[in-house]
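Asker: The chain contents come next:
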Amino acid sequence: MRAAVIVFPGSNCDRDLAVAFEQAGFQVDMVWHKDAALPEGVDIVGVPGGFSYGDYLRCGAIAAQSPICKAVVDHTQRGGYALGICNGFQILTETGILPGALLRNAGLKYICRTVGLKVQTSASAFTEGYNAGDVIGIPIAHHDGNYFADDATLDQLRDQDRVAFTYTENPNGSVGDIAGILSENRRVLGMMPHPERAADEGHGGTDGTALFRALSGVLAPA
Amino acid sequence: MKARVHVMLKNGVLDPQGEAVRHALGAMGFDQVEGVRQGKVIDLELAEGATEADVTQMCEKLLANTVIERYEIELV
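Chains as they are written, first to last, in my numbering: chain G, 267 to 488; chain Z, 4 to 79.
Pulled out of the complex, with its shape left as it was, chain G reads as follows:
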């Protein structure tokens, strides 16, 4: 099982994400943003949190045009798995891999604390280690996490059971309390909260561990 974690100038959760993948049994390659191809045999791409390109223009906008992101788009179009966390979620929406956009938090403030997330669906490789309805504690740390999508897109997300997580108490104004969404083929998850920051006893919580374990369960060679 191989994971690739993309590193942009300004990424700061790349190593935490790599450790979380490794603890779940993945061999991890760190991939630089100027590379035009992913390593051979990558099962899942992790797009980490941080402030790629200083959040210039819009969060994730410049990263979405980088050489490696074209390879990530191709990977997902071939049915490959991808996990975008925080800035990674913003990048996945900017590439068009996931619908919607992330706006400035409604309260205008950067928010950094652990929040309650309700698991909305266990029907994905990312969430099958949880039960739908479970409430887990996962940290958020963002200034632009206010998920927005038009009504038609929201209806589609709900009809197709693609809302993965919602906030139990909406911290940022996200429409429908949405914290994370799945792609149509359920193989791409974008979420603002950081499961990789709740994946070790030393983090003060381990509710994110089940996400990485579930992935390794699905992606392990038969």
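Be careful, since some hints might not be right.
To be verified - Selected chain G positions facing chain Z (in silico; Cβ < 7 Å):
| no. | residue |
| --- | --- |
| 1 | 324 |
| 2 | 367 |
| 3 | 370 |
| 4 | 372 |
| 5 | 374 |
| 6 | 414 |
As the list claims (entries may be wrong) - Pairs of lysine-lysine residues, derived as BS3-like cross-links and limited to a Cα-Cα distance of at most 27 Å, are as follows:
| no. | chain 1 | residue 1 | chain 2 | residue 2 |
| --- | --- | --- | --- | --- |
| 7 | Z | 43 | G | 375 |
| 8 | G | 375 | Z | 13 |
| 9 | Z | 64 | Z | 43 |
| 10 | G | 300 | G | 336 |
| 11 | G | 336 | Z | 64 |
| 12 | Z | 43 | Z | 13 |
| 13 | Z | 64 | G | 300 |
| 14 | Z | 43 | Z | 5 |
Treat the hints as calculated values from the structure; they're not laboratory data. For clarity, every value in this text was computed on a predicted model and none was experimentally measured. Ideal Cβ placement from N, Cα and C applies to all residues, glycine included.
Given chain G, work out where chain Z should sit, using these hints.
Answerer: Structure of chain Z alone, referenced to chain G:
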């Protein structure tokens, strides 16, 4: 040739920064302000032969996120 691109959040998309500016203006006594929307202006210096269609492509692909933003192009 120069082009100026105005990027604004679409109507109906909440603009918390504009709202904060509106509150501040109200607190300063500018009671006549009923709404504020904040956007950005991007100036482009273009080589000879560039067209408005080129700038439109730039807006669609990078300068604006048309999920949440609209844009206007002004050729100078």
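Asker: For each hint, tell me whether it holds in the structure or not.
Answerer: Here is how each hint holds up against the structure:
{"no.": "1", "hint": "324", "verdict": "holds (6 Å)"}
{"no.": "2", "hint": "367", "verdict": "holds (4 Å)"}
{"no.": "3", "hint": "370", "verdict": "holds (5 Å)"}
{"no.": "4", "hint": "372", "verdict": "holds (5 Å)"}
{"no.": "5", "hint": "374", "verdict": "holds (5 Å)"}
{"no.": "6", "hint": "414", "verdict": "holds (6 Å)"}
{"no.": "7", "hint": "Z:43 to G:375", "verdict": "holds (20 Å)"}
{"no.": "8", "hint": "G:375 to Z:13", "verdict": "holds (22 Å)"}
{"no.": "9", "hint": "Z:64 to Z:43", "verdict": "holds (17 Å)"}
{"no.": "10", "hint": "G:300 to G:336", "verdict": "holds (11 Å)"}
{"no.": "11", "hint": "G:336 to Z:64", "verdict": "holds (13 Å)"}
{"no.": "12", "hint": "Z:43 to Z:13", "verdict": "holds (13 Å)"}
{"no.": "13", "hint": "Z:64 to G:300", "verdict": "holds (19 Å)"}
{"no.": "14", "hint": "Z:43 to Z:5", "verdict": "holds (17 Å)"}
The structure is consistent with each of the numbered hints, conforming to all of them.
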